[in-house]
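Sequences are here, hints too, so could you generate the full structure?
Number of protein chains: 2
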Amino acid sequence: MAGKEKPRTLERLAKLIRYYILSSTTEAGSGHPTSSLSATDLMTALLFGGLFRFDLEHQQHPNNDRLIFSKGHASPLFYALWAAAGKVTEEELLTMRKFGSTLEGHPTVAFTYAEAATGSLGQGLSIGLGMALNAKYLDKLPYRVFVLLGDSEMAEGSQWEALQLAAHYKLDNLIGIIDVNGLGQRGETMYGHDLSAYKKRISSFGWKTEVIDGHNLDEILRAYKRAFRSRDVPVMIIAKTVKGKGVSFLENKNGWHGKALNREEYEQALRELGEIDKTLRGEIAKPDGSEPDGHTPLKRGEIVYPADKPVATRRAYGNALKRIYPEFPGMVVLDAEVSNSTFSEIFQKEYPERFFEMYIAEQNMVGTALGLHCRGKIPFISTFAAFFTRAFDQIRMSQYSKANIKFSGSHAGVSIGEDGPSQMGLEDLAMFRTILNSVVLYPCDAVSTEKLVEEAALHKGILYLRTTRKDTPIIYSKDDEFPIGGSKVLRKTGNDSITVVAAGITLYEALGAWEDLKNQGIFIRVIDLYSIKPVDEATLRQAARDTKAIITVEDHFAEGGLGEAVRSAFDNLPIPIHSLAVRIMPKSGKPEELLEYEGISKNAIIKKIKEIL
Amino acid sequence: MAGKEKPRTLERLAKLIRYYILSSTTEAGSGHPTSSLSATDLMTALLFGGLFRFDLEHQQHPNNDRLIFSKGHASPLFYALWAAAGKVTEEELLTMRKFGSTLEGHPTVAFTYAEAATGSLGQGLSIGLGMALNAKYLDKLPYRVFVLLGDSEMAEGSQWEALQLAAHYKLDNLIGIIDVNGLGQRGETMYGHDLSAYKKRISSFGWKTEVIDGHNLDEILRAYKRAFRSRDVPVMIIAKTVKGKGVSFLENKNGWHGKALNREEYEQALRELGEIDKTLRGEIAKPDGSEPDGHTPLKRGEIVYPADKPVATRRAYGNALKRIYPEFPGMVVLDAEVSNSTFSEIFQKEYPERFFEMYIAEQNMVGTALGLHCRGKIPFISTFAAFFTRAFDQIRMSQYSKANIKFSGSHAGVSIGEDGPSQMGLEDLAMFRTILNSVVLYPCDAVSTEKLVEEAALHKGILYLRTTRKDTPIIYSKDDEFPIGGSKVLRKTGNDSITVVAAGITLYEALGAWEDLKNQGIFIRVIDLYSIKPVDEATLRQAARDTKAIITVEDHFAEGGLGEAVRSAFDNLPIPIHSLAVRIMPKSGKPEELLEYEGISKNAIIKKIKEIL
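Protein sequence lines correspond, in order, to chains A and B. Counting along the first sequence from 1, when you hit position 82 you're at 1441 in the numbering used here, and nothing is skipped either side. Counting along the second sequence from 1, when you hit position 164 you're at 1523 in the numbering used here, and nothing is skipped either side.
Take these hints with a grain of salt, some might be off.
No copy is singled out in the list; a pair is fine if it fits within one copy or between any two copies.
Capping the alpha-carbon separation at 20 Å, the derived lysine to aspartate or glutamate pairs in DMTMM-like fashion look like this [said to hold, decoys possible]:
#: 1; residue 1: K1851; residue 2: D1930
#: 2; residue 1: K1457; residue 2: E1951
#: 3; residue 1: K1618; residue 2: D1830
#: 4; residue 1: K1969; residue 2: D1930
#: 5; residue 1: K1966; residue 2: D1930
#: 6; residue 1: K1708; residue 2: E1547
#: 7; residue 1: K1829; residue 2: E1450
#: 8; residue 1: K1457; residue 2: E1955
#: 9; residue 1: K1599; residue 2: E1642
#: 10; residue 1: K1559; residue 2: D1652
These aren't lab readings, by the way, just hints derived from the structure by calculation.
Listed below in structure tokens is the structure:
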């Protein structure tokens, strides 16, 4: 295609795509046709105007351009594009939103051309940022990343986190397209069709902007071409569009968001569209053959900690990252401006080219990690455990992208002490436990932390590692193994009366209780439940058979943490179970004072045991 | 104070305040003196320069100006200001960060002059926005709201959510002050001392900006005065400052974040400060006597639902808001651009002046709600259940402000159907359960929803109400009562074999199972656990005594939800418990198909019961 022929073919393709959008949503009886129609010309021009480069016969090509629909509700358009490319049949399109179809209501990775699941708004730009970061700094490939954005979703703060970081990292391979149709779900957006409002704001964040008519194919093509010439500056195409474009009774009408046409309306719409060439297929340009530089895995280093010197598990996390990187050259480390607290700075100092400072913007950090995962990297990302709550929506969404991301949250629990509750991670275990098939780890000493970071790198999936602020004694040797789903029975006799299950900081309280009680002739079993999810059901069941009660102790709120994980391990619990956890408003103080105050100290454990016996 | 005398007194006060900052942090052995010193002149001028209006003898005065330290780690400065005002003694200052002191590491409402707890960054501006919204639109009072911001925290997207909304609502009574000291926790911020970067961005968001030298008292005073003259436009004072200002070996030095001086360094710092007048006290101007308009509570309306017409609980939520408002004139309703889905639009249409559109910016919505709470309002805020995860950090922080906020999350669980997993709230119960003393409610029909919205309005604290997308049958009458912490035993005989505990959508599946089994001569007990937290332990214990197993059924992930709430109700569970929940990757489909697929349908309940029997 070249010259004047191109827009004409694009026009015909756009018509076909509009037809697909209408037919698939009407067949489904729900969906978002109008939000799809507004972006149809923008996307048709991109994919079939010779601009987007993607080898349809080699979908895994590392140098394929990337397309993310941040406005995931425009999925009918997304699927229609691949249908127009010949990769989805019309029959398949008509399964959209039906049980078992890969064409879900909002894109998930069940659909092979979806890079990542979207549909919770304001996340796609961060994902694109991760992919663009990979192209520019890691794989050094010339692929481009395109993100289709809705105007309504620009209200999400996460967008501005991504905008600032993309400019900071000079990502000229990242191109955003805002489909400014002026209408949100329930009415006009904050800025309606005032395109200058977007231009002003986005320019001020250091992006190049192109304001265009989003239904003029020539103008659209020219804007993309100008965008491709940008150097060191990301580009945002801000397009004025009409919601429902192409169907007169939908155009710019409120009340049509997330609503399919009924059969009668559908027939009327088709009459308006006019003749459709269902045999037409769009051509997508091919990428060049670039491949990323390979990295050969080397042997990881040795774990070395003097047995008599306490070390914080957060420091061991940093040490482990640095130690194992040679074996896992796909690793990339991100941190939200607290690398000197999470100790990811240890890695940064050794491998600065594999570390990205994400500043205090946790949502974007998680989205970026997802983008890096999409390009085959193994992201390890860290901040205070408490501050991962900031990105719960991004964490939640990443499970629908089958993400492989390792989260490390430091400063867990009241044992951080003087800084007070705002800095205490007390709901992180609950949060990460809710993620389907997630792994949640909580080591107590530096050695087990190192081992678990190795496990994390090997594991494919969403994994959370909780670390502790203060130094803790070394209790394990480097020959001990810590499989995911395991536990360690640290104290055991044939005569144990009660089992105490702890992890992290409270493990030492449990060991202290064991010591004191032993001197009184009372023996307890002590289990280090370093794997909170999956949980070691066999060992817990054995303890339930051997002893007359279980006590769980955790530096976390009572809900959703270690205690409930243990309870959920049993469908039939033959003995009583008691859960010690953070149950009163935490405050500033010394770690020991706070463990006492919350009833999760050695003394609290002993007291509870004596109550039971 | 007037004329030249003012800056001179302010200088002496600033010196006293610097002394307090250094002495309290050195005594504590931790804290953030350098982040306090950079903002000292900005805050001294504000409080004691005749600008800030606050009646020290009447702290509850509705027209007092409001001051929020969004950069909560500058708490030593915050406490020192009130010490300089004569409201905190030097002795009290020296208890800072100690167990039992109201002067915590980061401000919480334990300290009487803290409007709200801060310390998780990027939240103060939203809180201020809520207070300013109240002054301008609800209480119609002339008080001003001042928010001290750090430069690092401007990276948080939530700041930009607040900035856009404040401009949208023309909040000329909101004044932000950015302390641009150029240094974050681990090094330089994204923009360092490039003040124009902030000015450009913030201006583009529709704010007036004032760029000043943050250590020049005259310049500071003039900037505030100019800010006071702004009409319909919020103002940001962007101040160039020096971290550690006033102590040569701290000034602009990296590595001093969150670190107190040791005794020796402290003595040296004091020598640099020179003579300090410990008897000096700053004067704070008084507000005028304005009082808010009173609203007299009237009688609420009646609940009316035809017994034979199914109604979605989300719609009942909207109906209830409208119905009860006359009795609770402190109510304010916020929604994140989905009021036609959550049905808060029913309230909006009746009481538009008590409704604020928050657009798709959930973090700021929660912060704003906290600000409204601080000014005595009862905020009811709604979005999709899934999207409250976006604001988990703000929700978490609001507990440390002892907030009274009602959250309503619609579109819970896989039963939303075709829209797919991105829109399904499957972790909301777990999230809200982690909040200390929270209430978590999950009604199944319109009548119980109406009753629980009444309970919500009466209850003081953080309360979450989960609603369902699809219509559900009316099973209760308006004379039924639904106390928080209660449950309803819907099916009970003297001969029940097994107890099924359900809530919301799964309650109907349980009732269906009861019907089918009854026809087979099998009787089960069915409990509507509409109060997930607190949970009705007595009724559950009775069921455990009467029947031989408990089955929990929930449209939520297995972790942290109804199932674990029931398990945690027992320290000693004499019978087996089985939890049916969402355990495999959800997808698009019809609600019934998805309930079946996830094993939380009537059939799944019957199957499990037959396995047990």
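Hints versus structure:
1. K1851 - D1930: neither (24 Å within a copy, 23 Å between copies)
2. K1457 - E1951: between (56 Å within a copy, 12 Å between copies)
3. K1618 - D1830: between (57 Å within a copy, 18 Å between copies)
4. K1969 - D1930: between (27 Å within a copy, 16 Å between copies)
5. K1966 - D1930: between (28 Å within a copy, 16 Å between copies)
6. K1708 - E1547: between (49 Å within a copy, 16 Å between copies)
7. K1829 - E1450: neither (60 Å within a copy, 29 Å between copies)
8. K1457 - E1955: Only across copies: K1457 and E1955 sit 14 Å apart there, 54 Å inside one copy, limit 20 Å.
9. K1599 - E1642: neither (26 Å within a copy, 54 Å between copies)
10. K1559 - D1652: neither (39 Å within a copy, 39 Å between copies)
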